[in-house]
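*Asks:* Keeping the supplied structure of chain A fixed, place chain B upon it in accordance with the hints.
Chain residues, written in single-letter form:
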Amino acid sequence: METRTKNVSLEDLQEIVGEEYAREAAPEDAVDGVAPAFVVEPGSIEETSGLMRLATDKGLTVAPRGGGTKMGWGNPPRELDLILSTTRMNEVIEHVPGDQVVRAQAGLNLEALQERLGRSDQMLAIDPPEKGAGATVGGVVSANSSGPRRYRYGTVRDLIIGITVVLPDGTVAKAGGKVVKNVAGYDLGKLFTGSLGTLGVLATCNFRLHPRPEAARTVAVELNDTLAAGQAAQALMHSQVFASALELHWSEDARLLTVLIEGISKGVDAQVETASYLLKGFGEVRTLSDEEADHLGPLTPPGTGDEVAIKIAHPPAELTGVLDSALGAAERRGVIPRITGHAGAGVTYVALSGGDEEARAQVVEELREIWVRRGGSVVVRQAPVPVKKRLDAWGPTGDYLGLTRRVKEKFDPRGILNPGRFLGGI
Amino acid sequence: MERGQLIRAMESILGTEGVVHEREQLRSYECDGLMNYRVIPDLVVLPETAEHVQRIVRTCYEEGIPFVARGSGTGLSGGALPVESGVLIVLSRMRKILEVDIPNQRIVVEPGVINIWVSQEVAGEGYYYAPDPASQIVSSIGGNLAENSGGVHCLKYGFTTNHVMGAEVVLADGSIVHIGGGKAPDAPGYELLGALVGSEGTLGIATKITLRLLRKPEAVRTLLAAFEDTEAAGDAVSAIIGGGIVPAAIEMMDALCIEAVETAVHPGFPEAEAILIVELDGPEAEAEDQFQRTIEACEEANASEIRIAEDDAERALFWKGRKAAFAAMGRISNDYYVQDSVVPRTELGAVLKRINQLGEEYGMRVANVFHAGDGNLHPLVLYDNDNPGEAEKAEKLAGDIVLTCLEHGGSLTGEHGIGEDKKKYMPKMFTDDDMATMQLLRCAFDPHNLCNPGKIFPTPRLCGERPGPFRMHPVQKAGLAENF
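As they're listed, the protein sequences go chains A and B.
Using our numbering, you'd call the opening residue of the first sequence number 2 and step up by one each time.
Using our numbering, you'd call the opening residue of the second sequence number 7 and step up by one each time.
Everything labelled a hint here was simulated from the structure, so no lab data went into it.
Source: prediction; values computed, not measured.
Treat the hints loosely; a few may be bogus.
[Claimed, not checked] If you only want the chain A side, here are some residues facing chain B, beta carbon under 7 Å, derived:
hint, residue
1, Ala26
2, Pro28
3, Val32
4, Asp159
5, Asn183
6, Ala185
7, Thr194
8, Lys267
9, Thr321
10, Gly322
11, Ile371
12, Val373
13, Gly376
14, Ser378
15, Asp400
Even for Gly, the Cβ is constructed at its ideal location relative to N, Cα and C.
Chain A extracted, bound-state conformation:
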């Protein structure tokens, strides 16, 4: 490839990070079929800064990568020279249990962090489906990944309290701090959450922590139809049950709404009783064993292999409509949907298999037509490359696109970070 020779050599990169930590890219380093020339693994912020300066000087395009579990998110990159892996920057910088705050390097494995925090009976309340697949702290922040417990604890934006980033020109900057309550300066931690590596490289992330609940139980109601799904979710949302998660599972095998209740055991028992009573009117209610609860999605990532997986974000009260529209659109085209979702939060994942690629793409387009108009969004989470080339991953954007572009231009004026992967061609 031209980029291998036009601007930079492997030696240039090795000079910054050491011989061992820069290499030519392998086929599996490709992002949506776009092959990079090199992979570098800086061991410090200084090295990261040096690499970004070099990339800017030489006009190299860069994709930051943590555990690599979400490289298929967003659109295929327009071009890609360099993968910048953060995985060598994987230390817990500071954890004072009494402060319920942790500072971690971005390349730290999320599970390793949880294990460490667990020793103090604490946790970072982010539980994305890819947590067991090597996801890093920085990757989860960058992609704004979330899981069932967002119902109770919110998402990354609600838990991140400080960051250090390296900008494309090599500038190292921090925002926020290590106290939970802090309004000094702009909240760049939130801005970088979900920016998918298009504004800078995350180097460290600080989070507020929560106590790990002593006990947990899951109550499930078998759903007869989509109306029951919507009504059962509403009944729970407007009750005084303080659930950690309110999840939907809708496939050939199971049609369930599950309620995860966590806390002290006496409290959990009382709430399980209340939840069971509330849900009785919508179908058969049972308590799931831990095994059964673990086995159910969405702890398995929606969308595997050939599936086209989408994330529908919608007003939570419209759950029945979301299900009806997804089931209907799929059925009419001979496509098989597998649906999971964060029913209480208004997030529904639909993984489509069967039918041809054209049919699956049409389902996405139809759902986009409906749910964008109703104030939501339909984002393609995972799809084979040909489908991604046809469908924009993000769908239509609102009147904030111009502002979004200006933000990108200020942080990355040369457009070297992940070009093309974000919305609006950013």
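*Replies:* Using the frame of chain A, we list chain B on its own:
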């Protein structure tokens, strides 16, 4: 544009009753809740609709006139301090609740709506709005958004930023954008809403705000514990939080503060060196269990007295005493200077000790009232403006307190904002690169530095735009093209 022309331009948008330009009337807008900074604006305008705001801002933009938005003017960092030769846009006439959507747990309001009205509006449905700054009976949602207001219950439920789900915003060029999902979560794109909330009015003016509503908890338990010294009270806080309990609130007041509050609102607080107010809420069994553990923690820390609120009326009395703390200072001191710094919770003891030392060194009284659960201190430095030099001395002492907090890993401000007041301390917390990077965001939103200029940052960054007052491109002015 001359002042007379500007007045006429604004009157053509708002009518004569929507424009204040008489010098004497302008005086009532010269400061916000922080009264040691005063600037008389050129003009005050009182829009009633988002379209009004848009036309006002567009006029300012075309003429290169800076503007400042203001809600109820209760801010404590000078965030709504007018700029000279600028327009002050007062949003208090935009106070309609536009939509209540219980099924989606949302409410849509105009920026001038008063914080407490939101909870009042939905109380009948069993809902409430969580952020409850002490100023909640007067402060506006728009102002809360600008400052990312906290409150006594944010320890468990988060700050304004965790409860604003969407906003219609007039940007500095007069364009309108809708950011955040509103009723649907996870809008694609950058987290612009998270960047806007707490930006102290420097990124735009919110004209419509979607808030999250929470279901009222099943049970609420509140206690008040008295201690012989602040250290013991601090130990109780550590024991409670260290025991895995996240209370809805833990507030601490010291003897000086208790004295002031007693004089002002007579809540009947016990005489003590320190009192804690702790509130637990949630499902009945859980709240009750945690409440018992909280009582034990206070007993183990040698509380001299523990009072349990028997009903809502008694609970309200506890909170009345706490929320009146700032205002009550007037009863024991002519003037006071409020600080709002934050320290990691485990540093509280050491920092409080140092604050006492500093007070002694300066020979000044410092009252302490603070959100102990999240380490947010409000030391009140008491002084008398009539004594020459005391105000300066008080400010210097307050500055030393801030620096102490930074040395202990804290922050300049937990909820009041940087505004005009603390911008000189920003370089103590952030490097030049940090601040330059933050201002990239400013440049994206407001490249000509017209929107509440001069706040937060000690040195404004140039955005690489052409200097001088901005002139709209003729094609754009004629409505033939959008912004480019």
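*Asks:* To test your reading of the hints: which numbers does this structure violate?
*Replies:* 1, 2, 3, 9, 10, 11, 12
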